[in-house]
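> What follows is each chain in one-letter form.
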Amino acid sequence: TSNEPAATANSPAPAPAATATGGNDQPGTKVVIGFSAPAADHGWIAAIAKNAEATAKQYPDIEFKPVEPTNDINAQISAVESLIQAKVNALVLLPNDGQQLNQVALAATAAGIPVINLDRIFPDKLAYRTWIGGDNYGMGVAAGHYIGKKLKDKGVSNPVIVEIQGIATLPLTQDRSKGFEDALKTYGFSVTAKQDAQFTVETGNEVATSLLQAHKKIDAMWNHDDDQGVGVLAAIKESGRNEFFMVGGAGSANAMREIQAGSSVLEATVTYSPTMASSAIKLARLVAQGKGMTDLVETQVPQSITLASETITKENVEKYLPLGFES
Amino acid sequence: MTSPDLKKAAPSGLLGRTGLTGLGQARHLGLVAALVLLAAVGLVTRPDTFATTSNLVSILSLAATIGVITVGMTFVIIGGGIDLSVGAIMALASVWATTLATQEFGPFVMVLCALLVGTGAGLVNGLLISYGRLVPFIATLAMLVAARGLAQRMSDRKTQLVQAENTALVELSTTRWLGIPLLVFIFALVVALGWVVLNRTTFGRRTYAVGGNPEAARLAGINVRRHTMLLYALSGLCCGIAAVLIMARTTTGSSTHGDLYELDAIAAVIIGGTLLTGGRGTIIGSILGLLIFTLITNLFILNGLNTSDQLIAKGLIIVVAVLLQRRNLKERTL
Amino acid sequence: MTSPDLKKAAPSGLLGRTGLTGLGQARHLGLVAALVLLAAVGLVTRPDTFATTSNLVSILSLAATIGVITVGMTFVIIGGGIDLSVGAIMALASVWATTLATQEFGPFVMVLCALLVGTGAGLVNGLLISYGRLVPFIATLAMLVAARGLAQRMSDRKTQLVQAENTALVELSTTRWLGIPLLVFIFALVVALGWVVLNRTTFGRRTYAVGGNPEAARLAGINVRRHTMLLYALSGLCCGIAAVLIMARTTTGSSTHGDLYELDAIAAVIIGGTLLTGGRGTIIGSILGLLIFTLITNLFILNGLNTSDQLIAKGLIIVVAVLLQRRNLKERTL
Amino acid sequence: MLEMRGIVKEFPGVRALDHVDLLVRAGEAHCLLGQNGAGKSTLIKILAGVHRPDEGTITFNGADYRPSSPLHALRAGFATIYQELDLVDGLSVAENILLGHEPARLGFSLRGRANAVARQVLARLGHPEIRPTTEVGRLSPAAKQIVSMARALSHEAKLIVMDEPSAALAHDEVANLFRIIRELTAQGVAVIYISHRLEEIREIGDRVTVLKDGRTVEVGLPARDTPTDRLVSLMTGRTVEYLFPPRASRPPGQEILRVEDLTGPGVSFSVREGEIVGLAGLVGSGRTEILEAVYGARRAAGRVYLHGRQVRPGEPHTMVRRGLGLAPEERKAQALLLDQSVTANITLGSLPGFARLGWLDRAREAEEARRLADLLAIRPPDPERPIKTLSGGNQQKAVLARWLVGNRRLLLLDEPTRGVDVGARAELYAVIRRLADQGIGVLLVSSEVPEVLGLSDRVLVMREGALIHQADAAELDEHAVLDMIMQGSLTP
Ligand SMILES: Nc1ncnc2c1ncn2[C@@H]1O[C@H](COP(=O)(O)OP(=O)(O)OP(=O)(O)O)[C@@H](O)[C@H]1O
Ligand SMILES: Nc1ncnc2c1ncn2[C@@H]1O[C@H](COP(=O)(O)OP(=O)(O)OP(=O)(O)O)[C@@H](O)[C@H]1O
Ligand SMILES: [Mg+2]
Ligand SMILES: [Mg+2]
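Chains as they are written, first to last, in my numbering: chain B, 2 to 328; chain C, 362 to 695; chain W, 362 to 695; chain X, 1146 to 1637.
None of these hints come from the bench; they were simulated from the model. The reader is advised that the hints may include incorrect statements.
[Said to hold, decoys possible] Within a straight-line C-alpha distance of at most 27 Å, the following computed DSS-like cross-link-like pairs (lysine-lysine) qualify:
hint : chain 1 : residue 1 : chain 2 : residue 2
1    : W       : Lys519    : B       : Lys179
2    : B       : Lys186    : W       : Lys519
3    : B       : Lys155    : B       : Lys195
4    : B       : Lys195    : W       : Lys519
5    : B       : Lys155    : B       : Lys238
6    : B       : Lys179    : B       : Lys217
7    : B       : Lys179    : B       : Lys218
8    : B       : Lys126    : W       : Lys519
9    : B       : Lys88     : B       : Lys66
[Claimed, not checked] To list a few chain W residues with every Cβ distance to chain C over 10 Å, as calculated:
hint : residue
10   : Ala401
11   : Gly403
12   : Leu445
13   : Glu465
14   : Ala508
15   : Gln524
16   : Glu526
17   : Thr535
18   : Asn664
[Said to hold, decoys possible] Some chain W residues flagged as far from chain B (calculated, every beta-carbon gap over 12 Å):
hint : residue
19   : Leu484
20   : Gly493
21   : Arg494
22   : Ala529
23   : Leu550
24   : Val558
25   : Gly582
26   : Ile657
Don't be surprised by glycine CBs; every beta carbon is placed ideally from N, CA and C.
Based on the provided sequences and hints, a complete structural model is requested.
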């Protein structure tokens, strides 16, 4: 999660504790920060929007200007155009699709507005000033290692490994699956079956119900997203199956509580923290005010920041619980 | 014209007397044929898993939620309307019933709450359409966006878990009777009730009249507006029941529940032979239509097809299924 | 019947010659009133930004893609059908036109490819409906899933960028003439052409007949099937044009383009006063309906409302907009 | 010129035509006679390319003729006026008239030319006041019928088929129609004319072909010389005696309905128990408006009293609860559930009577429908058939049957015999009279003056929305009434 000191500057992002260690939190020139993200129809994205807004509120020198979140590319382009017209001082953009919004991000940069690219990356480096995001590939790797190692230790050969993806057309889904596959390969394992859900409880439930029918014996399951994981767990409980263990993704508070209780098949989850939105707002402020990150030697904010994906298990869940987002 | 000729045309059978004869049966034959075909594919491709009880039960459990909604939708469409707000109303009802404030009162009140919220939202639809004179497409579209918005506000966009003390609700999905989860029985009950109301009561008969020719129905002394309003309330009630089922299944209430259910339900109704112009259709047809969709998805997942191929195949299967029950151009509408 | 009596029934008015008189005007007045109201809200809440040229241009650019689709949809719905596959066809056309194989041949061939793919898919819809006798809802639903599946396969679910050497295509969106991007002109051109075809050609006038009373149209010697087929091909062509616009705007082709455009386009057409049962409607109405939706979105963007409140507000605005053009129960359909 | 031989057409379960022959000469007006459901409409739909015959041959001017579509038939020179109005409501008069053969250049319709052609044809039909640009949906049924005729005339046809064109027309219009038919036949165009009004056939027809139960019973009878009795007995297989039932001997009872200044000043009258009150007038004179206003189906000025107490006609359902019933004018648009069975159509107006706590007693329903189908001779006599497969006249009988169920106190009948054949008509009259004898009040609208005079006890004469005369039917004769309703209303 992003409050690791290495990743962002100097304050734990989600909690509104503005404990300034350097001078960066001192009020500076007033800046207007525009913000655009996909529609908050999903716990993780909702947490993104909320974190961004909460962080912006901590700073009296930020005027926060969010625009209508939408899942329609065309509308998001318009939304960003309107922010450019409004001549904001910095833009924080979580595009529906980096490639498709690349052009309008370029236009913003050309108009002299620094773009902080959040999570889904623009292909063109000229399109943004700084990128901050999670490591989707790394998330798959983390899940793959957890599952691979555990099965190896158990001495299972030819394990049945089931993967429940998120929305299949998103590049992030493809990255996660790739990482998962690559990590498993190092143990000589491969994915037996994978199906995509829509990041919602209900679709997770539906897909899991059928997958459980398709495979009478499962050894391990990775579910990309803890939001849809609630539905997946309900389906597993309904079926009464417990011969396998499951790893989640994203790190919602709910998943962490399940892990802590230890009463279900969910043993671990790999993080992809929405705290990155808080960091992005802070970065946007620093960039707009021409400041650097006081913990680093560099005089300017770095060009790209990748959050690490961590594995949460019963052993360390205590530590992460306060950072989990309520999905 | 001689009497033997007439006998030929006179239908016999289950649906014979409803006025939806011959044709109706032939239609259902087509659907049944499509189902049998799909089942055969299942048996061939996954002989080990497809025909197991647990798989069949799981198909029915999957169909239950949307199945209940489909029953209400069948009424609305036969009555000449359409309801785009079903998924959103279900979401709203599930969220309302799972707020902490509601959950305090226990599972019974939660169920009651879901049913009331569903019926209430349906009633608003009905009022807008019959007394506000909005076209159903627009009124229920407005309800769709507004209900989802309200559900998001109420839940603060979070997934609301059914609390531990209310697990009685969840037991609808986990408790089995004769090996079949209770929610499947609820589904069956709703279908049976829907069939009875549509085919054996004045309410059902009026629904056909109101949808088939509203002006004629009005001049025959039917209170078309009130009836229309009741149809949407009925659909809302079905959404409320569906909300209970989805809460039981997923152990949650969420503003994301039921996304795009409206399309699935409408498609099931229409594949089942109900015309979008109203005045015709059967509950059995709609349920068969829905089972076709559910079976397709089940088969794909059992066989581990990827989504893109699934989509292509789904398109083709829909076309083939409907060609099996080809309909002539005169009856063409939407 | 005596001449005075007939005169009483005979309407007069500006639009008397288009065959859509009195009522038609009143309807458009309602829509214009709604637009004016929304504009007033914009002026009051954001006096600084709302009425700027660049904001108006951006509203039109936003409306352009779906606007082109709406024109085709208007034809289909007046002709008594419905097309659920528009968004998916647009996605497929955009993907097909941006494959590396196609991009080799330069922007002109890419445009041609998009138009052909769109028209071809529309033609398949038309064939299934008019000669295969599928109900339009089902046929185009099947096309929706199949086209999206095919688009996903073709693109391997990746977003395909327009290559640097084909930036001529992207210039449709970036080049301005009189301060207005070219794609807005294309939009305007399509609307104008659509209007001319619908109101001034035999094809257009027959569309009303085919939708309003297919049996009468057939008896009058119109080839109803061929006409129906052409309507869907026309809608497909519009999707192809929309694909060109979306490629220009986003510089990409993607299987995710145009998700749920069908609902937006249908809603715009219906809010514009076209009946889902066919036989009535205007292009102008549909475009006004679309602009209302776009304006709502723009206002929300400018005012930065949160999503849930937006949704609730959107629902209410739709209801109010339509109440402004209340319609009587006789014309009630879907 | 036209020769149809051995035509057979089967619908599922019904042999509509069973080896029918028809011979039409150039320049003649050939009449088709037959009871409801005899197969007249089916026969001419075969000519028009709507249906294809199962057997039989057709030759036209010596050549084989097998129309495969309406377009084909039109091109071959056959134009048809169909029994059910088939116009497109959303299009203008001119567009409807020229639908399918619009004047156009490069696909662009030439609207000026189309309007001119339409104006010309309408003028020829004696209706220059129907404007070519008016939307057809806004016209009255009678004006729509004129537009239908204009459409048939706009083709350069060699044979024009007219299926009950006069059913929606009043007296003066029929005369106009006959003038046109004479013009056409004089130019060598053949006309096939279908009507249930024998006096019309006698006036316009040259020869008559009679159909009965899908078979030809007589070909080419001379229209003017064959006695009416003979025609009727050929059609029905029996003789129909005295057409109108005798009036009630006892005086009418208490007042059921009284209206004051309804729809317009001076329109005040009452209907009493056991009384049949007829409304005479031209099409468009405001009779339907009165019925609908009483029934609550249309807002109108004025006061309505039921059994002496003033009521506010709210909506039809409240009036139905008060014992009223309306058989509307346009059966397809206003009365029928086309997809439903005859039974469902008959019982629609009195569903609560067949139900307990909302639960339908379908056995009783079927029994009642069967009784009424027998009473009104609905054919085929199977009430479970979808009503859309019945012939026009039989559908009309089902519309009437709807209000013969249960206890009505006042029936409002708008053109109840439209399209009903002679034999069935006599039965309908008897049924209506019997209802009156049981104490029901009847308010009857009919464009056929003899019907109003023969069936009613009292007659109200309407002209241009005004009630101009009230009298006992016995005191009036046809000429007097015609004089009153036409006075000053004929177009100069
Ligand atoms: N589409 C159809 N399907 C089934 N039966 C039909 C159909 N059309 C007509 N019939 C039947 O064919 C027979 C002849 O009907 P037709 O309409 O030709 O009668 P008609 O002589 O024109 O009667 P009317 O005087 O009442 O108009 C009737 O028994 C009718 O029920
Ligand atoms: N839907 C309508 N819209 C406008 N005017 C109408 C409408 N219906 C009837 N009218 C007008 O009202 C007047 C009375 O018509 P009404 O139908 O009551 O006459 P009618 O004597 O019953 O004639 P008909 O025999 O055609 O029914 C006529 O002038 C007619 O043009
Ligand atoms: Mg007939
Ligand atoms: Mg009348």
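> So which of those numbered hints doesn't the model satisfy?
Violated hints (numbers, rising): 12, 14, 26; every other hint is consistent with the structure.
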